[in-house]
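The task is simple: from the sequences and hints, build the whole structure.
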Amino acid sequence: MGSSKPKSRLEQQIDENLRKVYQQDAEPEMPDRFMKLLEQLKEQDTPDGR
Amino acid sequence: MVGDRNPNGEKPPADPRDEIVEHLGSLRAFAVSLTRNGSAADDLVQETIVKAWKNFDKFKEGTNLRAWLFTIQRNTFYSQRRKAKREVADSDGEMAAQLSVKPHHDGRLAMNDFRTAFAQLPVEQREALVLVGAEGMTYEEAAETCEVAVGTIKSRVNRGRKRLAELMQLRDDESLELTDQATVAVVQIGNQPRKFAV
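For the protein sequence lines, the chains are E and H, in the order given. Under UniProt numbering, residues 1 to 50 are what the first sequence spells out, in order. Under UniProt numbering, residues 1 to 198 are what the second sequence spells out, in order.
Check the hints yourself; a few may be wrong.
Claimed, not checked - Below 27 Å or equal to it, Euclidean Cα-Cα: the simulated BS3-like pairs (lysine-lysine) are:
#	chain 1	residue 1	chain 2	residue 2
1	E	K42	H	K58
2	H	K85	H	K51
3	E	K36	H	K162
4	E	K36	H	K58
5	E	K42	H	K51
6	E	K7	E	K20
7	H	K54	H	K83
8	E	K20	H	K162
9	H	K83	H	K51
10	E	K7	H	K162
No lab work stands behind these hints: they were computed from the structure. Source: prediction; values computed, not measured.
Structure below.
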């Protein structure tokens, strides 16, 4: 099942737009926030840290 | 999808949790599609990271990390949403009813118009479309991520696409890159414009 049915032109275009929007949103201008968070979590976990 | 490692690579990552970082972009994009709001999305990603970190022992190594993270994220989102609903009565349906549709002539379909149309879809359709259409998951993977049957995902994707086409007044023989004689449905949220991450 699944991909056996060829996508219509409309579907392709919708998916194309979905991907564009998605890629825009995936560009995090603030990766710092998440990187810091990961670092903090890591520090909390490091056994020799305490 | 990202994350292919050298098949013969001998050194395993020091900490498998380090791989979470590779999925931050996707997590954020998925969060935006769920919340329709950039700062809410960031908060959701943050909570997802913390939960994933603390529950990492439940992740089965060798399985799809991104799908696992997405599952955590959507569960977090839905449980917040249930909580919020008790406080503010605002379902997707009610919100959609407030939307005014303002068709106008435009040379090209702006990405924001697509976003606005997308934001009107029910959340179940948004996530199904994003997972399958943008993230490139198979129906099976998306079904697993959303913890529903494969048929359910398929019908959500189909309904979502159909609704998008309607909202944008597209037929199968028309292009999304509209010519100026075509009318684009530009929908705006009445007096309280929602902010999308631009």
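So which of those numbered hints doesn't the model satisfy?
3
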